[in-house]
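Here the structure of chain Z is known, so what remains is to put chain H in place on it, guided by the hints.
2 protein chains.
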Amino acid sequence: MDASNKHEDAGKTLEAQAKAFFDSAPPLHNSHKISQDLNHFIQHNSSSLENGEARRIVCVTSGGTTAPLEQRCVRYVDNFSSGHRGATSTEYFLKAGYAVIFLHRRGSFQPFCRSLPDDPLLECFEPTNDLNIQVREAYSEAVKRAYMNHHTAVEGCLLLKLPFSTIFEYLQMLQMIAISMRCVGPRAMFYLAAAVSDYYVPWKDMVEHKIQSGSHLLDVKLVQVPKMLSVLRKDWAPQAFCISFKLETDSSILLNKANAALDKYNMHAVVANELLTRKERVVVVTSAEKITVLRDNSESANDVEDPLIKLLSERHTAYIEDSSR
Amino acid sequence: MDASNKHEDAGKTLEAQAKAFFDSAPPLHNSHKISQDLNHFIQHNSSSLENGEARRIVCVTSGGTTAPLEQRCVRYVDNFSSGHRGATSTEYFLKAGYAVIFLHRRGSFQPFCRSLPDDPLLECFEPTNDLNIQVREAYSEAVKRAYMNHHTAVEGCLLLKLPFSTIFEYLQMLQMIAISMRCVGPRAMFYLAAAVSDYYVPWKDMVEHKIQSGSHLLDVKLVQVPKMLSVLRKDWAPQAFCISFKLETDSSILLNKANAALDKYNMHAVVANELLTRKERVVVVTSAEKITVLRDNSESANDVEDPLIKLLSERHTAYIEDSSR
Chain Z
1145 MDASNKHEDA GKTLEAQAKA FFDSAPPLHN SHKISQDLNH FIQHNSSSLE NGEARRIVCV
1205 TSGGTTAPLE QRCVRYVDNF SSGHRGATST EYFLKAGYAV IFLHRRGSFQ PFCRSLPDDP
1265 LLECFEPTND LNIQVREAYS EAVKRAYMNH HTAVEGCLLL KLPFSTIFEY LQMLQMIAIS
1325 MRCVGPRAMF YLAAAVSDYY VPWKDMVEHK IQSGSHLLDV KLVQVPKMLS VLRKDWAPQA
1385 FCISFKLETD SSILLNKANA ALDKYNMHAV VANELLTRKE RVVVVTSAEK ITVLRDNSES
1445 ANDVEDPLIK LLSERHTAYI EDSSR
Chain H
1145 MDASNKHEDA GKTLEAQAKA FFDSAPPLHN SHKISQDLNH FIQHNSSSLE NGEARRIVCV
1205 TSGGTTAPLE QRCVRYVDNF SSGHRGATST EYFLKAGYAV IFLHRRGSFQ PFCRSLPDDP
1265 LLECFEPTND LNIQVREAYS EAVKRAYMNH HTAVEGCLLL KLPFSTIFEY LQMLQMIAIS
1325 MRCVGPRAMF YLAAAVSDYY VPWKDMVEHK IQSGSHLLDV KLVQVPKMLS VLRKDWAPQA
1385 FCISFKLETD SSILLNKANA ALDKYNMHAV VANELLTRKE RVVVVTSAEK ITVLRDNSES
1445 ANDVEDPLIK LLSERHTAYI EDSSR
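Just so you know, the sequences run in chain order Z and H. For the first sequence, our numbering begins at 1145 and goes up steadily by one. For the second sequence, our numbering begins at 1145 and goes up steadily by one.
Hints are computed from structural coordinates only; laboratory data are not their basis. C-beta atoms are modelled at their ideal positions from N, C-alpha and C, and glycine is treated no differently. Just to be clear, a hint being listed does not mean it is correct.
Derived pair list, reagent style SDA-like, types lysine to any residue, alpha-carbon separation capped at 20 Å [what the hints assert, rightly or not]:
no.: 1; chain 1: Z; residue 1: K1163; chain 2: H; residue 2: L1361
no.: 2; chain 1: Z; residue 1: K1288; chain 2: H; residue 2: L1266
no.: 3; chain 1: H; residue 1: K1348; chain 2: Z; residue 2: H1360
no.: 4; chain 1: Z; residue 1: K1365; chain 2: H; residue 2: E1214
no.: 5; chain 1: Z; residue 1: K1288; chain 2: H; residue 2: P1271
no.: 6; chain 1: H; residue 1: K1423; chain 2: Z; residue 2: V1218
no.: 7; chain 1: H; residue 1: K1288; chain 2: Z; residue 2: L1266
no.: 8; chain 1: H; residue 1: K1401; chain 2: Z; residue 2: V1218
no.: 9; chain 1: Z; residue 1: K1239; chain 2: Z; residue 2: M1292
no.: 10; chain 1: Z; residue 1: K1156; chain 2: H; residue 2: H1360
no.: 11; chain 1: Z; residue 1: K1371; chain 2: H; residue 2: H1360
no.: 12; chain 1: H; residue 1: K1408; chain 2: Z; residue 2: H1360
no.: 13; chain 1: Z; residue 1: K1408; chain 2: H; residue 2: S1359
no.: 14; chain 1: H; residue 1: K1156; chain 2: Z; residue 2: H1360
no.: 15; chain 1: H; residue 1: K1401; chain 2: H; residue 2: V1437
no.: 16; chain 1: H; residue 1: K1288; chain 2: Z; residue 2: N1276
no.: 17; chain 1: Z; residue 1: K1288; chain 2: H; residue 2: D1274
no.: 18; chain 1: Z; residue 1: K1365; chain 2: H; residue 2: P1346
no.: 19; chain 1: Z; residue 1: K1371; chain 2: H; residue 2: S1359
no.: 20; chain 1: Z; residue 1: K1288; chain 2: H; residue 2: D1263
no.: 21; chain 1: Z; residue 1: K1378; chain 2: Z; residue 2: R1326
no.: 22; chain 1: H; residue 1: K1371; chain 2: Z; residue 2: H1360
no.: 23; chain 1: Z; residue 1: K1163; chain 2: H; residue 2: H1360
no.: 24; chain 1: Z; residue 1: K1305; chain 2: H; residue 2: D1263
no.: 25; chain 1: Z; residue 1: K1401; chain 2: H; residue 2: E1214
no.: 26; chain 1: H; residue 1: K1305; chain 2: Z; residue 2: D1262
What follows is a set of in silico ranges between Cβ atoms, one per label pair, in the way DEER data are often shown [what the hints assert, rightly or not]:
no.: 27; chain 1: Z; residue 1: I1435; chain 2: H; residue 2: P1170; range: 32 to 42 Å
no.: 28; chain 1: H; residue 1: D1274; chain 2: Z; residue 2: P1382; range: 48 to 58 Å
no.: 29; chain 1: Z; residue 1: I1323; chain 2: H; residue 2: E1270; range: 32 to 42 Å
Over 10 Å on every C-beta distance to chain Z, these chain H residues come out as not near it, computed from the model [said to hold, decoys possible]:
no.: 30; residue: Q1187
no.: 31; residue: E1197
no.: 32; residue: A1282
no.: 33; residue: R1326
no.: 34; residue: R1377
no.: 35; residue: R1439
no.: 36; residue: Y1463
no.: 37; residue: S1467
With the rest of the complex left out, here is chain Z (with noise of 0.2 Å):
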C-alpha cells in the first residue's frame, strides 16, 4: 500500500490525474443499470413542465466516502456523515419543484424518514390482542407522511435514489450523472453535500489481503484524491449551476476556505458550515457576497435547509435567465 506514483502525479495536469484515477479504479457494478435509470430518469424529467417550463434537476450527493486499504476490503479511512443536509435537503428541492438524483452513502439518512426512530421496524410498532402488531399511535402520523411522501416522489419518478460506498463508486457514478445530465444545461444543479475523501490508496498499490497486524506500528500512506470539482465544472458539466460544501470544525479558518474553494473550483456558491453549528447556521459565499441563513427556531421542527434551498433555487433560476441572454 505505497503510494509509489507520488511524484510522477504531482506533476501530471488535471486531467491526466483525473484519467489516472479512473483507468486504475475497479469497474463500477451495474453500471448498465445505472445508466438506463438515469437516461430514463432525466429524459421523463427534462421533457416534463413545471408551470411551463421544463423540471429543473438537481443532483444531490451525502453522506461520506470510504478510501479502502485493502482490495478485498476489510479495513478502510472513512469520512464521518450521516447524510442528515443531503436527505433534509432533498425534501425542500422536491417541495421547490425539483425532480433529484440523490447520491447517497448506502445506509445513510435518507428523505422524509428524519423524524422517525434510529430504528423504525422495533420502535414504531406495538403489539395488539389478537396477537398482531400495530403502528404505535405516537408514531403513527410520522410513519405514514414518510411513507406516501417517499412513495410519491418515487413514483412519480421525481426522485431517484443511487448508493455508493467507496470514493471510486462514487467518482464514477458522479461523472455519470454529470454527463447524462449535460443535455439538461444551465436547469441543472449539482448540490455537493457529500463528504469526500481527500485522500486514497490507488487500487493497484493496495494490498490484496487484509493487512497482517504483526508490528507495533502501522504506517498509511494515502496520496491525495484528484479534484474532481474542477473537472465536473470544466468538462463534465459546463453548463451546470454548481454548489460545493466545506465543512470545518475550526471557525477561524472557515470563511478563507470556502472562499479558496470558490476561486479553486470554480463553483457558483460554496456553502460554509461548522461541525458544531451546522444545523443552525450556514454561510453561502458567492463571488459577490456572503449570505449568513439560519434555521428560524420559532419552532422545532423547522430545518436551515428550509431557507437554504429558497436561497439557492432562486439564485438558480436568475442563473438559468442569465444563460438564455
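Frame of chain Z; chain H shown alone:
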C-alpha cells in the same frame, strides 16, 4: 497524529499498555446509565432459573470499531463488518436459553431483523384505498415475527443492547461488562465476534481539528491496540468461557492464525472464518481439536450459526461442569 510514544509503549508490560490506553481514552458517555442497566440485567438473570439452574449469560460483540484520526472526529479508520454474525448468533443464543448482552456497532445488523429489506419502513408498507398505509402482504409475517421476537426478548430482560462506535467506547464497555459479569463465574460466556481495530491513534497524539488537505501525501501513523483479549481472560473475567474469532481473506494462513490466537490469548475456542465463505463454513479451533461446522443447506433459511451455537453451548456445559468439580 504522530505516534510519539511508540518506543516507550513497545517495552511496557501488557498491563501497563492497557492502563495507558484507558487513562488516555476520552471518557465514556452515559457510563452511569450503562452500569445501572448492566447490573440490573445480570442480577435479574443470574437469580432466575432455566430448567432448575441459574441462567447463563453471554456477551456477544458485533460489528466493527472505528479508530478516529481527529479528536473532533471527521475522519476515521473503520473495519468492515455488517454485524450479521453477531446478530444471527444472538438469536440462536436466546433460543438456547442464554441471556444476551449484545454489544454492537451503532447501525449494524440487529437480531431478528435479518429477513427484512434494507429499508424496512419504506419497503414493507403499501398505501391502502382510504389514504392509509399497511404492511405489505409479502412482509407481513416477517415484520410480525421480527417485532414479536425482539419485543419478547427485550421486555423479558433476556436481551440487553449496548451500542458503540469507537475502539475507545468498545473497550471501555467490554471492561465494564466483564467486571460486572464476574459474579456469574463460569456461567458467563464471551463470544467476541466484533471486528476490533488492531491499530489506533492515541487520543492525546491526535490533532484536535480536521486534518488539512494541502499536501499531496497523507502519512497516517497508527500504533497497535493493546491485546485486550489477554487482559479479559486474565484479569477482567478469569472464570468466563471465552470464544474469539479470526477472520482472514487468505485461507492459507487462517488456521495457523487461529491456533496462534488460541495460544496467545488463552481462549477456550477460536472460530476461524474466511471472508468469502463465512456464511457457509467455520472451523472451531480448541487446544484439542479442529471442528468444521457447515451450514445445513437443505433449506435456504438455515444459518451456520445454528450448529455453531449448539456446539459452543454444549462445550460451555462441559466447562461449567468441569469448573464445579
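Here is what the structure says about each hint:
This hinted pair checks out: K1163(Z) and L1361(H) have alpha carbons roughly 19 Å apart, not beyond 20 Å. Of the pairs offered as hints, the one joining K1288(Z) and L1266(H) holds, with about 10 Å between alpha carbons and a cut-off of 20 Å not exceeded. Between the alpha carbons of K1348(H) and H1360(Z) the distance comes to roughly 18 Å, so the proposed pair stays at or under 20 Å and holds. Between K1365(Z) and E1214(H) the alpha-carbon distance is near 17 Å, which keeps this suggested pair within the 20 Å criterion.
This hinted pair checks out: K1288(Z) and P1271(H) have alpha carbons roughly 9 Å apart, not beyond 20 Å. Restraint check: the Cα-Cα separation between K1423(H) and V1218(Z) comes to about 16 Å, which is no more than 20 Å; the hinted pair holds. Only pairs whose Cα atoms come within 20 Å are accepted, and K1288(H) paired with L1266(Z) is accepted, the gap being roughly 10 Å. Between the alpha carbons of K1401(H) and V1218(Z) the distance comes to roughly 17 Å, so the proposed pair stays at or under 20 Å and holds.
The hinted pair formed by K1239(Z) and M1292(Z) meets the criterion: a straight-line CA distance of about 14 Å does not exceed 20 Å. A hinted pair counts as satisfied when its Cα atoms are at most 20 Å apart, and K1156(Z) with H1360(H) qualifies at roughly 12 Å. Restraint check for K1371(Z) and H1360(H): the C-alpha separation of about 11 Å stays at or below 20 Å, so the hint holds. With a C-alpha separation of about 16 Å, the suggested pair K1408(H) and H1360(Z) falls inside the 20 Å cut-off, and the hint holds.
A C-alpha spacing of about 15 Å is found between K1408(Z) and S1359(H), which places the hinted pair at or below 20 Å, so the restraint holds. Restraint check for K1156(H) and H1360(Z): the C-alpha separation of about 12 Å stays at or below 20 Å, so the hint holds. Simply put, K1401(H) and V1437(H) have alpha-carbon atoms about 18 Å apart, close enough for the 20 Å limit, and the pair holds. Restraint check: the Cα-Cα separation between K1288(H) and N1276(Z) comes to about 7 Å, which is no more than 20 Å; the hinted pair holds.
Between K1288(Z) and D1274(H) the CA atoms are separated by roughly 12 Å; this keeps the pair inside 20 Å, and the hint holds. Between the alpha carbons of K1365(Z) and P1346(H) the distance comes to roughly 18 Å, so the proposed pair stays at or under 20 Å and holds. Only pairs whose Cα atoms come within 20 Å are accepted, and K1371(Z) paired with S1359(H) is accepted, the gap being roughly 13 Å. A threshold of 20 Å between alpha carbons decides the hint, and for K1288(Z) with D1263(H) the separation of about 15 Å falls inside it, so the pair holds.
Between K1378(Z) and R1326(Z), the direct Cα distance comes to roughly 12 Å. Compliance with the 20 Å bound is thereby established for this hinted pair. Restraint check for K1371(H) and H1360(Z): satisfied, since their Cα atoms lie roughly 11 Å apart, inside the 20 Å limit. With a CA separation close to 17 Å, the supplied pair K1163(Z) and H1360(H) stays within the 20 Å bound. Note on K1305(Z) and D1263(H): the hinted pairing holds, with a Cα-Cα distance of about 12 Å set against a maximum of 20 Å.
Taking the CA atoms of K1401(Z) and E1214(H), the gap is near 19 Å; set against the 20 Å cutoff, the hint holds. The straight-line distance between the Cα atoms of K1305(H) and D1262(Z) is roughly 14 Å, inside the 20 Å bound, and the hint therefore holds. With their beta carbons about 36 Å apart, I1435(Z) and P1170(H) fall inside the hinted range of 32 to 42 Å. About 50 Å separates the C-beta atoms of D1274(H) and P1382(Z), a value consistent with the hinted range of 48 to 58 Å.
Between I1323(Z) and E1270(H), the C-beta spacing of about 36 Å keeps the proposed range 32 to 42 Å intact. Non-interface status of Q1187(H) relative to chain Z is upheld: no Cβ of that chain comes within 10 Å, the nearest being about 25 Å off. No beta-carbon of chain Z comes within 10 Å of the beta-carbon of E1197(H); the shortest separation is about 30 Å. Separation of A1282(H) from chain Z is adequate, the least Cβ-Cβ distance of about 15 Å exceeding the 10 Å criterion.
Its beta-carbon lying about 29 Å from the closest one in chain Z, R1326(H) satisfies the requirement of being farther than 10 Å from that chain. For R1377(H), the requirement that its beta carbon stay farther than 10 Å from each beta carbon of chain Z is met, with the minimum near 19 Å. No beta-carbon of chain Z is positioned within 10 Å of the beta-carbon of R1439(H); the least distance is around 21 Å. The beta carbon of Y1463(H) sits about 29 Å from the closest Cβ of chain Z, which is more than 10 Å, so the claim that it is off the interface holds.
A cut-off of 10 Å between C-beta atoms confirms that S1467(H) is not in contact with chain Z; the least separation is 32 Å.
Checked against the numbered hints given earlier, this structure breaks none of them.
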